[in-house]
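Single-letter residue listing:
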Amino acid sequence: MRKANSPLGLTGMTLGFVFLYLPIVLLVIGSFNAGKAVNVWSGWSLHWYAQAFRNEQLVAALWVSLQVGVAAASIATLIGTAGAFALTRLPKFHGRGAFRLGLLTPLVIPEVILGLSLLLLFVRLDLDRGIGTVILAHATFGAAYVAVVVHSRLSTFDRALEEAAMDLGATPMRAFFKVTLPIVLPAVLAGWLLAFTLSLDDLVIASFTSGPGATTLPQRLYGQVRLGVSPEINAVSTLLILGVTILVIGASLVSKQRNAS
Amino acid sequence: MGAVPHWHASPPAAPAPTPTLPHAAREGGSGLTSLVSITGLSKRYGPVTAVDAVDLEIARGEFLALLGPSGSGKTSLLRLLAGFETPDAGRIVLDGQDVARTPPYDRPVNMVFQAYALFPHLSVAKNVAFGLEMEKRPRAEIESRVAEALKLVELEALAGRRPDQLSGGQRQRVAIARAVVKRPKLLLLDEPLSALDRRLRERTRAELKDLQARLGLTFVMVTHDQDEAMAVASRIAVLNHGRIAQMGPPAEVFDRPADRFVAEFLGDCNLLEAEVLAPDRVRLRGEAIELLVRPMDRPAGAAVTLALRPGKILLGPDGRNMLNASVESIEYLGDLSRLTVRVGAATRLVLTQVNRAGPLPAVGDGLFLTLPPETLVALPA
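Protein chains in written order, with our numbering: chain V, 1 to 261; chain W, 1 to 381.
Since the hints were made in silico from the structure, they are not lab data.
As a list, the in silico EDC-like pairs of lysine to aspartate or glutamate whose alpha-carbon atoms are at most 20 Å apart:
| id | chain 1 | residue 1 | chain 2 | residue 2 |
| --- | --- | --- | --- | --- |
| 1 | W | K126 | W | E156 |
| 2 | W | K209 | W | E62 |
| 3 | W | K209 | W | D227 |
| 4 | W | K126 | W | E143 |
| 5 | W | K126 | V | E162 |
| 6 | W | K126 | V | D158 |
| 7 | W | K312 | W | D259 |
| 8 | W | K126 | W | D164 |
| 9 | W | K312 | W | E328 |
| 10 | V | K92 | W | E85 |
| 11 | W | K312 | W | D227 |
| 12 | W | K126 | V | E163 |
| 13 | W | K185 | V | E163 |
| 14 | W | K136 | W | D106 |
| 15 | W | K185 | W | D98 |
| 16 | W | K136 | V | E162 |
| 17 | W | K136 | W | E148 |
| 18 | W | K185 | W | E85 |
Work out the full structure: start from the sequences and follow the hints.
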């Protein structure tokens, strides 16, 4: 920190950022390339963006991803928030440690294993694989992230606020909706955004759990790349990066506002 | 920011046209009618008995302080009154109704929380309006009552602020306004001054007492600070191990403690072992000193402990109970000096003396002391 603006520190930082962002920058620049060849620059153009939106498969995959993201993030938020409340609010119950571990395990389990185990479960249950199973799978690991975010907010929540609400005439239910929820809401929203972003990004778990007719955007992109990279893919990826960046900035703004209040 | 407005600009004597809350105010000005009647109230947490068969009468319009060390049960008693805890046994009759098992949101009781517990997502005005909105009052009534309550605590100008934009003293006043706007029959205060710094605390306690007098509300305040309790309360209940050790006006509890615990908790106290000779006469144990004491109900020969406040000892020969003493140490405390002296063979006394002009005694000096008999209180040994 102290030597952040020394020549050595500056060089190191620059190299680091180049390492991290050069591939992304190349991808974004490539998306504006007028020509078809990925490695030959032939002038600026928005041609591939228009082309991408005419690609019905890509548009369908985007639509699937958005549906999966919204549904999975919403389910994850319900489960994760409820779990966070259970962890902070219930009197010490038998097996609380196990419950906590169980809720947070999807954070550390390798995606491949999570995907595989979900696949085995769905096959066992004889569930037809499709958009529903992807939503369930994404809700599973999304819930863990939501639980972490909401739990950290709840653990610093002053219970006297709820008592004050009840003292002033609010039933426990009204105290929750008038006081607890508004104060915790930014964390819940941040959790939703996080779960949505993770769902939008996921390739591995979707590959295990999706079925015909439920190809997500990352799956479609991956499939197309195997047939050769086209600037069209660069364009879609750029849009995806833009969307995710906006969501992440949104989530951090929401949680900043939470800290301020 | 600037200077904190003083919210009782006029001295209590001046009949300033201060706002009062009509219904709650002075509804029972008939002296010692009981507002709250607590009988046999007990609360246990696992093996710990926090409140142990407490009986307590709270008079209408009084300012009662529940005073005790941490773990004495004072906070549990307050939470039982508020409804946050359910008693294991006993009754709390409030204005003729047993409310011991009534949830907090159905009790005509409001509380000022220790750290104020203001709602961080709501403005000052919305915080104060919260209780009235829960009652589903008409909007116009809410607005006028909120304005009235904010005026009472001189916070009209800050109605739109968020709690995190207020100073500690301002927050405390919002907490008070939020509670009194509901016109409760009983106002509970949980260590209301402990979050303030020392100077502000001393000023605020005068304001609190003034507010209580103006509203004519019944206040019950929990505190561990005996100075605070004596400064504001009309009556003090000293708690120890979940029981009320003594209850009475501050001067009575201070001057005539009922037992050793009360004597020591309310301030410095000399405790002397003695043997009863007559109802008003004792002999100090191990000494040839006989003293006249406040008359008591003990048989001759009984062992007692005498309690004597350091400030009650007079320097110089002045009536009965004169003793020779020699000075062992002196602490200079500004307004006061604290002297440790020896009387008789091995009895030590601590006394405080107001520092006036003139020299202080020196270590080794011989002194005459007078122990006024009415200030020597015999406690169970």
